[in-house]
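**Student:** Sequence:
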Amino acid sequence: MLPTSEKKPVLQILKGIHLPTQKSKDTGSTTSNSMPDMPPIAPTNSRRGTTRRRYSTNSLEGQRGVLQMSKSTLHGDLTLRDRIHHFTLAWYTCTMSTGGIALLLARTPHRFHGLIAIGDIFFILTVVLFILFTATLCTRFILYPKSLAKCITHPTESLFFPTFWISISNIISNIQSYGVPHSGPWLVTTLKVLFWTYAALTFSVAVGQYFFLFTGKPLTIQSMTPQWILPVFPIMLCGTLASLMGSSQPVSAAYPILVAGITFQGLGMLMATFMYGPYLRRLMTAGLPSPNTRPGMFIAVGPPSFTGLALLGISEHLYRIFPDYTSISYITTPSLIPDIFRVLALGIALFLWATAFWFFSIAFVSVLHGAVRSKEGMSFHLVWWAFVFPNVGFTICTIEIGNAVMSEGILWVGTAMTVLLVATWVVCAVAHGRAVVRKEILWPGRDEDHDQGGFTEEMEGRFDR
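So the sequence shown is numbered by full-length UniProt numbering: it starts at 1 and just counts up by one.
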């Protein structure tokens, strides 16, 4: 028993603790488990009882996680080793966006002296960042061996594993755009080998990662985000690679590459279409994501955009194949095959462009709404790089449509979109660096590994005021 003089401070401490609330089975009212003289906690309104829509806060949207840490929780300094512990796969969103800008600059219709040099800079920066990020990630796995298995199976961080392969796809695409015109046949042969190797590996990723998601912790419709599309995204980009490589490869090598490109592009687009249903249902039933993670909604723009540009790009190279190299059975006029495919590709690209534009508009309005209405504003998260890469495909698709219909106005729209995307990349890069300095990322509980054990009670005591 405590002395009488010590009971009062203990009671005062207990009065300041708010214990979890429970609902009465009879009345449904909310009651408190705190001390009897604590003021009652007001009941919370359900979704049906109010017209105000709440934001979803599931961990798959990249929230700060189940830790629920306030801004005043951590104030100490971590060592470089500790911060590397929180270097996640999501950092590859930076390299895939940077490589996308380099590819876009190579396809921009209205050019000026020095544009190729700027594209070269972005390409080299992509390679340097990719090597740096890979080395840092390997360092994390060496220092913390258990984090390797956790990051691959973690329901949040593992969804960013495809960004590693998308970055590789961008590097291969930029080698084709910037390297082949200034190199010999050896590079063309190397790209052919890289294409088939990339196709085999990314198909394995598409199967393996979805298998892990199917057999892992069950997910709900309320946790649905466009990131669920990412595992099939790398194999889908084989269509984009094929549309770029078809012009430089020998006909004997170009034909199977173009066929594989159409095949895998169709796989990716159909898988994305299957995901769009649950995604729209989730938006209708659970509302918009948290304002900080709404840039991730732009991921939905990617599949229709890249499919449209891949079909148009592949259709440009079929004239080398039909009818001189090969034909299709039961076709009486093989010379018409390229023309028919070109018309079909343009028609499909147009309605895919419209679909991408709708997803772009929804994402843009949602981000704008979150930025204006959010009381705390929008803080940087690595998913912000979705502002760039999916819209790279949208912009190139616009340019390809302009070339197909021979519209100078559409081409100028594509040029304007290019300028805006480069400016967006600069904003994201500055925000990214600022977030690292201000400890908004690479910090316990603030990255995609938030519930992998990176934040412990010992560290909480170390960083408290």
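Treat the hints with care, since some could be wrong.
[To be verified] Derived pair list, reagent style DSBU-like, types lysine-lysine, alpha-carbon separation capped at 30 Å: (1) K439 x K375; (2) K146 x K439; (3) K217 x K146; (4) K150 x K439; (5) K150 x K217.
No lab work stands behind these hints: they were computed from the structure.
**Student:** Could you run down the list of hints and mark each one as holding or not?
**Tutor:** For each hint, the structure was consulted:
| no. | hint | in the structure |
| --- | --- | --- |
| 1 | K439 x K375 | holds, 21 Å |
| 2 | K146 x K439 | holds, 24 Å |
| 3 | K217 x K146 | holds, 19 Å |
| 4 | K150 x K439 | holds, 23 Å |
| 5 | K150 x K217 | holds, 13 Å |
This entry satisfies every hint, going by the numbered hints stated previously.
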